Amino acid sequence: MSSFEERLWSELARDHGEPLASALGRRRPTRRPPTRAVLVLGGGAIALAAAAVATFVLTASTTAPAYAVVINRDGSVTLTLNELLGTRAANARLASLGIRVRIVAREAGCTAKAELAPLGIGALAQRTERRNVESILAAEGALLQQVARPRAHNTAFDGLAVRIHPDVIPRGDTVVITARLIDNRTGARTSHAIGMSAGLYRNPAPSCLPI
Amino acid sequence: MDEFEALYRAHVGAVTAFFARRTRNPQLVADLTADTFVEAMGSYISHGPADGSERPWLFAIAKRVYAKHCERASRRADAARRDDARRALNEDETEQLAERIDTQRSARELLAALAALPAIDREAIELVHLAGFTPKEAAAAVGVSAGALRVRLFRARAKLRKESTNDVQL
Chain A
83 MSSFEERLWS ELARDHGEPL ASALGRRRPT RRPPTRAVLV LGGGAIALAA
133 AAVATFVLTA STTAPAYAVV INRDGSVTLT LNELLGTRAA NARLASLGIR
183 VRIVAREAGC TAKAELAPLG IGALAQRTER RNVESILAAE GALLQQVARP
233 RAHNTAFDGL AVRIHPDVIP RGDTVVITAR LIDNRTGART SHAIGMSAGL
283 YRNPAPSCLP I
Chain B
544 MDEFEALYRA HVGAVTAFFA RRTRNPQLVA DLTADTFVEA MGSYISHGPA
594 DGSERPWLFA IAKRVYAKHC ERASRRADAA RRDDARRALN EDETEQLAER
644 IDTQRSAREL LAALAALPAI DREAIELVHL AGFTPKEAAA AVGVSAGALR
694 VRLFRARAKL RKESTNDVQL
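As given, the protein sequences belong to chains A and B, one line each in that order. Under my numbering, think of the first position of the first sequence as 83, with each following residue one higher. Under my numbering, think of the first position of the second sequence as 544, with each following residue one higher.
Derived from the structure by calculation, the hints contain no laboratory data. Check before you lean on any hint, since a few could be wrong.
[Said to hold, decoys possible] Short derived list, chain A residues pointing at chain B, Cβ under 10 angstroms: (1) Arg-89; (2) Leu-94; (3) Ala-95; (4) Ala-171; (5) Ala-187; (6) Gly-191; (7) Ser-289; (8) Leu-291.
[Claimed, not checked] Derived lysine-lysine pairs resembling DSBU-like cross-links, with alpha carbons at most 30 angstroms apart: (9) Lys-679/B with Lys-611/B; (10) Lys-702/B with Lys-606/B; (11) Lys-702/B with Lys-195/A; (12) Lys-702/B with Lys-679/B; (13) Lys-679/B with Lys-606/B; (14) Lys-705/B with Lys-679/B; (15) Lys-195/A with Lys-606/B; (16) Lys-195/A with Lys-679/B; (17) Lys-606/B with Lys-705/B.
[What the hints assert, rightly or not] These stretches of chain B come out as covered by chain A in the derived footprint (C-beta under 8 angstroms, 3 or more residues): (18) 545-557; (19) 632-638.
These numbers were taken from a predicted model, which means no experiment stands behind them. Glycine included, C-beta positions come from ideal geometry on N, C-alpha and C.
Take these sequences, add in the hints, and give me the full structure.
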């Protein structure tokens, strides 16, 4: 950068940086009120049997991040989704680690070019964590779809996690994960669910996907 | 602050060039660039960009800043007061910005040649051919669909080729 740009940044940080820094520091995901939550397949309506998912379920905490990216000892990455917020930070973290995984929103007006990779994704799918989770490998390029349910009724919304081995993501492709909130109405009662799915896309990975 | 600093460093050059296409006054380019990032810092939390849309978001702010400047400039007393409040550039900074302004000369001429086109068409040409936006980014910045933007681009290019007496490479 030129000296003008460096000096301008110094002045911006000095004169206007503090409110932004404190606002960024305060930025916390808001959690939904306690409710009965059921996680369903992305876009689908496959209810889960009461499988034990203790290792995948997160405790409800007001300070839990919206997403967590954890590098495991074997080099795999566990991406934990708590809420449909905070994709920017998670994507920045994934990019900084050189991991070709991206979380995108499903939007009605999305026109981003999205090219599914050929279905040669067996290796990745097979090495994806399945323990205590029902995983369904679908055709049509979907990498994996996982379902889980919270530990008990009337708890705050719990998380969902997917484990991915970055070294088996084909070069030139990116795993694109999408999630969206689904409200299920039963009489006067509404339960909240999250649909989550993942697919393997040719680079450049789409910035959004249509609903 | 790291994430905003990264955004600043990635896009300050493009924002400076945006204003350098509109004025040949280095001090004004510096002021408008500063105003853009001050406004961006103020709204980053409440109305920040979505993933991948940082550039259209910043250019939308730059457009508003420039529109406000034009409005103020029409009231000379206000403009004079504002200029008094600004820190003057030093010699090096003035020279750097003058170089930026010079490199945008052909872009200014191109935009002048498009003066007869609707504002959105001009903007589409500027964003895609001068600022390096993808059509999708440009569509988001202009506020039309990607398809509509492509139609406008096609129309603007055709008109430019028809009316220009010089060679136009778009």
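Structure-based check of each hint:
The beta carbon of Arg-89/A is positioned within 10 angstroms of a beta carbon in chain B (closest approach about 7 angstroms), and the interface hint is therefore held. Because the closest C-beta pair between Leu-94/A and chain B is about 5 angstroms apart, less than 10 angstroms, the hint holds. Interface restraint check for Ala-95/A: the shortest CB-CB distance to chain B comes to about 7 angstroms, inside 10 angstroms, so the restraint holds. Nearest Cβ of chain B to the Cβ of Ala-171/A: about 8 angstroms, under the 10 angstroms cut. The hint holds.
The interface hint given for Ala-187/A holds, since its Cβ lies 8 angstroms from the closest Cβ of chain B, which is under the 10 angstroms cut-off. Checking Gly-191/A against chain B by beta carbon gives a least distance of about 8 angstroms; that is within 10 angstroms, so the hint holds. A distance limit of 10 angstroms between C-beta atoms decides the matter here; for Ser-289/A the minimum to chain B is near 4 angstroms, and the interface restraint holds. The beta carbon of Leu-291/A comes no nearer than 12 angstroms to any beta carbon in chain B, farther than 10 angstroms, and the hint placing it at the interface is violated.
Pair hint Lys-679/B plus Lys-611/B holds up; C-alpha atoms about 26 angstroms apart against a cutoff of 30 angstroms. For a cut-off of 30 angstroms, the pair hint linking Lys-702/B to Lys-606/B stands: about 24 angstroms separates their Cα positions. Between the alpha carbons of Lys-702/B and Lys-195/A the distance comes to roughly 29 angstroms, so the proposed pair stays at or under 30 angstroms and holds. Distance hint between Lys-702/B and Lys-679/B is fulfilled; the C-alpha atoms sit about 22 angstroms from each other, no more than 30 angstroms.
This hinted pair checks out: Lys-679/B and Lys-606/B have alpha carbons roughly 18 angstroms apart, not beyond 30 angstroms. Straight-line distance between C-alpha atoms of Lys-705/B and Lys-679/B comes to about 26 angstroms, which keeps the hinted pair within the 30 angstroms bound. Annotation: proposed proximity of Lys-195/A to Lys-606/B holds, straight-line Cα distance about 27 angstroms (limit 30 angstroms). For the proposed pair Lys-195/A and Lys-679/B, the alpha carbon gap of about 10 angstroms is at most 30 angstroms, so the pair holds.
Pair hint Lys-606/B plus Lys-705/B holds up; C-alpha atoms about 28 angstroms apart against a cutoff of 30 angstroms. For the stretch 545-557 of chain B, the stated coverage by chain A is satisfied: 7 residues place a CB nearer than 8 angstroms to a CB of that chain, which reaches the threshold of 3. For the stretch 632-638 of chain B, the assignment as covered by chain A holds, since 3 residues bring a beta-carbon within under 8 angstroms of that chain's beta-carbons and 3 suffice.
When held up to the earlier numbered hints, the structure conflicts with hint 8 and nothing else.
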